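The lines below spell out each chain.
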Amino acid sequence: MDLEKLKNIAKKVRRDIITMLTEAGSGHPGGSLSSVELVVALYFGVMKFDPKNPLDPERDYFILSKGHVCPVLYSVLAQLECLKSDELCSLRKIGSRLQGHPAKDKMLPGVEVSTGSLGYGLSIGAGIALGLKAEKKNNRVFVLMGDGEQQEGSIWEAVMAAGDRNLDNLCGIIDSNKLQIDGKVEDIMSIEPLAEKYRAFKWNVIEIDGHNFKEIFKAYDKALKTKGKPTLIIANTIKGKGVSFMENIVDWHGKAPSKELMEKALNEISI
Amino acid sequence: MVEVYGKKATRYGFGEALVELGKENPKIFVLGADTAGSVAINTFQEAFPERFINVGVAEQNLLGMAAGLAVRGWIPFAVTYGVFASGRPWEQIRTTICYSNLNVKIGGSHSGIMVGPDGPTHQALEEISIMRCLPRMTVIVPCDLNETKKATFEAAKISGPVYIRFGREAVPIITKESAPFKIGRAETLKEGTDVAILACGTLVYESLMAAELLAKKGISVGVINIHTVKPIDESAIIKAAKECGAIVTAEEHQVLGGFGSAVAEVLVKNNPVPVEMIGIQDTFGESGSPSELMSHFHLKDVDIANAAEKVIKRKR
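For the protein sequence lines, the chains are A and B, in the order given. Residues in the first sequence are numbered from 1 upward in steps of one, following this note's numbering. Residues in the second sequence are numbered from 1 upward in steps of one, following this note's numbering.
Heads up, some of the hints might be wrong.
Quick partial rundown of chain B residues pointing at chain A, CB under 10 Å, derived from the structure [claimed, not checked]:
hint : residue
1    : TYR5
2    : GLY56
3    : ALA66
4    : ASN101
Hint data in this document are derived by calculation from the structure and do not stem from the laboratory. This structure is a prediction, so every number in the text was calculated from the model and none was measured. Glycine included, each C-beta is placed from N, C-alpha and C at the ideal position.
With the rest of the complex left out, here is chain A:
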């Protein structure tokens, strides 16, 4: 794995996120920026995914349960040439395939299912994983969730089912940036001890630095090799990562930067 190349891709994705959101005038920079490395690693080193044949039945599946961070997915898909880079500036505009949250019916290659309402992705992923098991296929399913999203009860229905059914072809990833709309996750409704909870539901749990490609790849590799259990990767991240004035500031959960702040952010990302 060429780490320098991946870091450059991550920078490009961060630049896309900032420019897309500024152009759209709304959206979610904080969680998009915190999940960059996790998604880049999947598409550029882990998943079986052929951009020229995105509906290949042999593909691995990526479900963006935290659908509000779709700019990161759209940018990655653009870099894979599933869509033209020019299309990125249509984000959140009328007639665009790039809806404010991923839309399956817009037929955008790489979007497996519509997401945005929180707490649904893991059930969908578990369903795909169950289907693959019934077909005796080896494809994998990856579901990216938020940490605030763990407050949804439907998550735990899926956690229970996936553990009970030994869905070792399913890997959940939590972009644990510790913030949600109203403030700190621990202040609003603590989800800790999260690892213990998943382990109690018969999951294999790995905790990593979610911005460190080496740790990320090691974790994905471990997930692929674990038998008999689904794997959860708790990725500790920084909300707004890469843009100093956004980092760990809850206000940047769902607000687009001005043109001026966009320039400032782009300068920082280039360094």
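Once you've looked at the hints, dock chain B against the given chain A.
Here is chain B on its own, set in the frame of chain A:
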């Protein structure tokens, strides 16, 4: 006399159809939520254990996993009591299934007031409303065992989300196995000129009985079985309005937003005529025997006949 070919709960029609479908189509997958026996999918489970999952008491996950299976190309049937199959995971159905246009079939058993003694918590009286307002959703309310079977077969053939409503109580079988069934097409069971009764589900039988009561009074009544509430057969409704000039709708469900509303929507756009709606009138059900409850909530043939006479007087 209304011709009856026996009596059996519609849920068995659904269960029998699933087993047949399972033999024909290796892509059929059934999901239950701790009610497999009572919603009659246990026969599928026994026949095809590798294509069945019981998710336990977890309806949100029931629909979520069904969605995932559909993503992978399976034809999942997610089945439990109507209240829990529709209302509890409503947003999963809306956002994950309908918005993604996934090929998920939802079976809502124990529908209507006739589930009886369990009381209002288990009486599904709102699902027609909350399912039919969802874009892309097909809503089928079969009237008997044979029709439920056919509805299940047809649902498997079309692509996209389908809600099929069926019940626990044994109800008269009033359609023949050979009777035609096409999703979206109403069946005229009886021609008439003074008033048309448009019904779905269990109230189709009561409507036929009502027509007999009215015939004794010299009133000519048309009876139309509208098993597909969405997409509804607009031309059949318009034709009935033109021929009779007055309509009674009948459903074992809330009138607000339900089948009667669906009929009224068609009429106001095309050919407004007076309408009386038989159904649950914006109230919760209560515990009781099915037959007591049907009378108590005015869903019987006599109630339909009274509504018909009332609406005839409103004709212009």
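Structure versus earlier hints, numbers of those that do not hold, lowest first: Hint 1 alone not satisfied by this model.
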